[in-house]
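Participant: Listed below, chain by chain, are the residues.
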Amino acid sequence: MPDADRFTVADLPPLRLDADYWSLRWVDEACESYAVRKNVALPFCASTERGAMATVHAGGGYGYAATGDTSPAGLAAALERAAALARATAKFALIDSRTLPRPASRGEYASPALAAPARSRRDWYELLMTESRAAAFDPRIVDWDAAVDVLTATHRLVTSEGGDVVQRYRFLLPGMSVTAHAEGVTQTRTLHGHRGICQQGSDEILARFGYEGAMRRIADEALELLAAPNCPSGTMDVLLMPDQMILQIHESIGHPLELDRILGDERNFAGTSFVTPDMFGSYRYGSELLNVTFDPTRGEELASYGWDDEGAPAERVHLIRNGILERPLGGATSQLRAGLPGTSNARADNWNRPPIDRMANLNIEPGDATFDDMIAGIDRGVLMETNCSWSIDDSRNKFQFGCERGRLIENGKLGAVVKNPNYRGISATFWRSLARVGNADTVQVLGSPHCGKGEPSQVIRVGHASPACVFKDVAVFGGEEE
Amino acid sequence: MAPRGEPAGLAAMETYFHDVAAALDGLVAASETYTANFSAETSDFVRFNQGKVRQPGNVVQRYVDVDLINGARHASHRLSLAGDLAADNERLRAAVAGLRAALPELDPDPHLLIATDVVSTRTARAGPLPPAEIVIDALLDAARGEDLVGLYAGGPVCRGFANSFGQRNWHEAPSFNLQWSLYHRADKAVKSALSGVTWDEGALAAKMSEARGLLGHIAQPAKTLAPGKYRVFLTPAAMEDIVGLLCWGGFSARAHATKQSSLTRMRGDGGEGARLDPRIGIAEAIADGVAPAFQNEGFARPDRVPLIDAGRLVGALTSPRTAREFTLDANGANGWEAPEALVMDGGTLAAKDALAALDTGLYIGNLHYLNYSDRPACRMTGMTRFATFWVEGGKIVAPVNVLRFDDTIFRILGTSLEALTAETELILESGTYRERALASMRLPGALLSELTFTL
Chain V
236 MPDADRFTVA
246 DLPPLRLDAD
256 YWSLRWVDEA
266 CESYAVRKNV
276 ALPFCASTER
286 GAMATVHAGG
296 GYGYAATGDT
306 SPAGLAAALE
316 RAAALARATA
326 KFALIDSRTL
336 PRPASRGEYA
346 SPALAAPARS
356 RRDWYELLMT
366 ESRAAAFDPR
376 IVDWDAAVDV
386 LTATHRLVTS
396 EGGDVVQRYR
406 FLLPGMSVTA
416 HAEGVTQTRT
426 LHGHRGICQQ
436 GSDEILARFG
446 YEGAMRRIAD
456 EALELLAAPN
466 CPSGTMDVLL
476 MPDQMILQIH
486 ESIGHPLELD
496 RILGDERNFA
506 GTSFVTPDMF
516 GSYRYGSELL
526 NVTFDPTRGE
536 ELASYGWDDE
546 GAPAERVHLI
556 RNGILERPLG
566 GATSQLRAGL
576 PGTSNARADN
586 WNRPPIDRMA
596 NLNIEPGDAT
606 FDDMIAGIDR
616 GVLMETNCSW
626 SIDDSRNKFQ
636 FGCERGRLIE
646 NGKLGAVVKN
656 PNYRGISATF
666 WRSLARVGNA
676 DTVQVLGSPH
686 CGKGEPSQVI
696 RVGHASPACV
706 FKDVAVFGGE
716 EE
Chain C
19 MAPRGEPAGL
29 AAMETYFHDV
39 AAALDGLVAA
49 SETYTANFSA
59 ETSDFVRFNQ
69 GKVRQPGNVV
79 QRYVDVDLIN
89 GARHASHRLS
99 LAGDLAADNE
109 RLRAAVAGLR
119 AALPELDPDP
129 HLLIATDVVS
139 TRTARAGPLP
149 PAEIVIDALL
159 DAARGEDLVG
169 LYAGGPVCRG
179 FANSFGQRNW
189 HEAPSFNLQW
199 SLYHRADKAV
209 KSALSGVTWD
219 EGALAAKMSE
229 ARGLLGHIAQ
239 PAKTLAPGKY
249 RVFLTPAAME
259 DIVGLLCWGG
269 FSARAHATKQ
279 SSLTRMRGDG
289 GEGARLDPRI
299 GIAEAIADGV
309 APAFQNEGFA
319 RPDRVPLIDA
329 GRLVGALTSP
339 RTAREFTLDA
349 NGANGWEAPE
359 ALVMDGGTLA
369 AKDALAALDT
379 GLYIGNLHYL
389 NYSDRPACRM
399 TGMTRFATFW
409 VEGGKIVAPV
419 NVLRFDDTIF
429 RILGTSLEAL
439 TAETELILES
449 GTYRERALAS
459 MRLPGALLSE
469 LTFTL
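Note that the protein sequences, when read in sequence, are chains V and C.
Going by my numbering, the first residue of the first sequence is number 236, and it counts up by one from there.
Going by my numbering, the first residue of the second sequence is number 19, and it counts up by one from there.
A few of these clues could be false.
Per label pair, the in silico range of CB-to-CB distance [said to hold, decoys possible]: (1) Phe344/C - Ala351/V: 38 to 46 Å; (2) Pro336/V - Pro149/C: 26 to 34 Å; (3) Asp246/V - Gly353/C: 35 to 43 Å; (4) Lys413/C - Asp607/V: 54 to 62 Å; (5) Val332/C - Pro336/V: 54 to 62 Å; (6) Pro467/V - Gly289/C: 24 to 32 Å.
Here are some chain V residues the structure puts well away from chain C; computed CB gaps all over 10 Å [said to hold, decoys possible]: (7) Arg405; (8) Asn526; (9) Glu690; (10) Val694.
None of these hints come from the bench; they were simulated from the model.
Ideal placement from N, C-alpha and C gives every residue a C-beta, glycine not left out.
Isolated chain V (complex conformation) (with noise of 0.2 Å):
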């Protein structure tokens, strides 16, 4: 049994914390990962982490200290650790935290096919062993592997108020990936990117995706790709499938709506935000067929709970709205520094990371246009899938990003695959240029293990749900001229 489900407050020694307020977060995870490479299984690994946080608000100050000892002598020690803290930086303290909520949040939130039967060791690399085999029939693939981690979770939240939350995950992350070469030409596809279609559950998300059998499809494409001529470059239409408007959506909506950036926290390392306070409630940031949810709610999506790691309890809601800037990402701590409404989102990544304005879920909402209409509409553009390649300025506005395929479209007619599709823009004016949304048919609920952010740093959990979008009027270009 976890120690996080074994403790009651009873257990702690006498505490001498003179505090306004404390907590204790336990992070109790363990992963397996398993991956056959070219053929050989790869040895198998396994990680166990166990820790805690203690947070206290004392003389106006604030103050954390993590620990791996969750004992209850190691847990009184990082709250005593914590409560020197808060009070020997009180007087330089930026918020005073006697003005901080204090949750007292309760309840439990497990994820779906929480107790589905785990599959064998031996199943798993059978699998993937299958997957990986499909690969190996044409020398010039030079490289492929298939992989997944399973991973088990129990967070639980435990605050001076009366709090205790538990919650419970388990994910899955699976991923593969193909690289072909021929004649100075090397072209890698992969399943949505890399574990793109991570996803809270059990097996039923391989068969969500294809999973089985989908590696010889995306060596096939890589193949084709080696022969593709180079995407052109001009200024045309571009129809974004939902394995690359996950990273639109997260590069240029997610990071620049995080109201720790807008307030400055993040100047000095992942950047600021061209968005400011002033803009919420009337700043066009997109077409009108543009609809953004955070939504933390929706069951097999990666980032979904119960709660946030400071103890808000979890809820959907629009932070843009036909195009209309409504409200940012930002916690509980964020929103009363900003004087403004925001989301349940204060998140850690770990034990040892103390939570921040973090996107968990954040979603596109379909419109009505089938996949086919989109193409008919469009007279000269490129479909581009899977991002390879992401880059953005500081302040989240001028951005190029690259995909790993791309499809001319000429006179409404899907044509040719072209390689190293590319495209440049700027976050303020490109999300005015959204011309179709795609309905629910085009749907995909992907996501990211790796958003990094943070001092000191922390990579989180994210997840994505878009349909395919076209954009108008977009600068794209190809590859190096060879």
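Place chain C on chain V using the hints.
Facilitator: Quick look at chain C alone, frame taken from chain V:
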């Protein structure tokens, strides 16, 4: 801010590492061997914003990654430790039992290669560091009146290796890394850093004075440049981003063998490979940095591995696994085959003459968020950031609104390279993902006749 209730000093950490290794010695059976990597730190993290303390914290963490080997079958388990030997013995016992149960289900690993010659080492750097309160006082006092934002990360960091052959390697580095920015407005700021193993308040004052001086230039009205080609000077901090991107697979022997390296065109398999400027020399030089002199399978790392010499690709970083797979000689690299102590040769341009040599063009203090726009062609894109100025007649004229560059390394460090600074700067990696990084780069500044900007 010294931790209470945690036996987290370096001596205690080293003792604990040996205790963990001894416990593992007792847990493996006669037919089994193990390797174990230990990493631990006691870190003060103090985050600043608006010249005040935003989030102060203390983290004590210990991890061990155990690889249990029986014949050619092996499996690993990375686990966090409590720091209490009785509790951790139970965790280790359970982990080893789990691995032992897994081994019969695994295929023999044809690429397994571990060190069997016992080479034990111990490296200890200077210390101790001052309490974080002293750093906070000094920093906020030095930056009084400024909009300062940043992070202080300080305290002991250690790495250890143990195996069942009796090898023990210990590397400890009490260090600090203070990274801060002084903001004028919006995205206009000057970034500074002070890092090392001994705290020097005089060095802080000098860095802060330099930053305040540049802030005066930042306060001028910003210039917006149209996309195009501009003459540029890249500071060592900007070079860190460019060379850092090359480290993402560029020097990996596995990436070269599978044609995925961004420097694949420099190999010239069967012919003349692409070349950088003949003045470019790059090596992995463990002796010059802060990374451990041992790697995760227990092999000693050579002092120097040449990677680029006279503009030609002459080497790659080869992990034991890659060595087995592609019949190469391993050269001390870890599994990710990226430099951890990269050094780049300097040139002849005195750093104090950089602005005069630039004459008219862009002085780029920092870059941001680089990525490949065409990896096989080693074409990269990224943004200017922080102290980037328009220079005319060797004088700073105005800060520049952010610009996106998109160009190949064969032009940046090839046909467009005019000069490298004689001075090189040791930049300690400031990364704190999962744990505080122990890596570094020693880099010159670079003067380029042109760099292509696209947005």
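Participant: Are any of the numbered hints broken by this structure? If so, which, sorted upward?
Facilitator: Per hint list: 9 and 10 violated.
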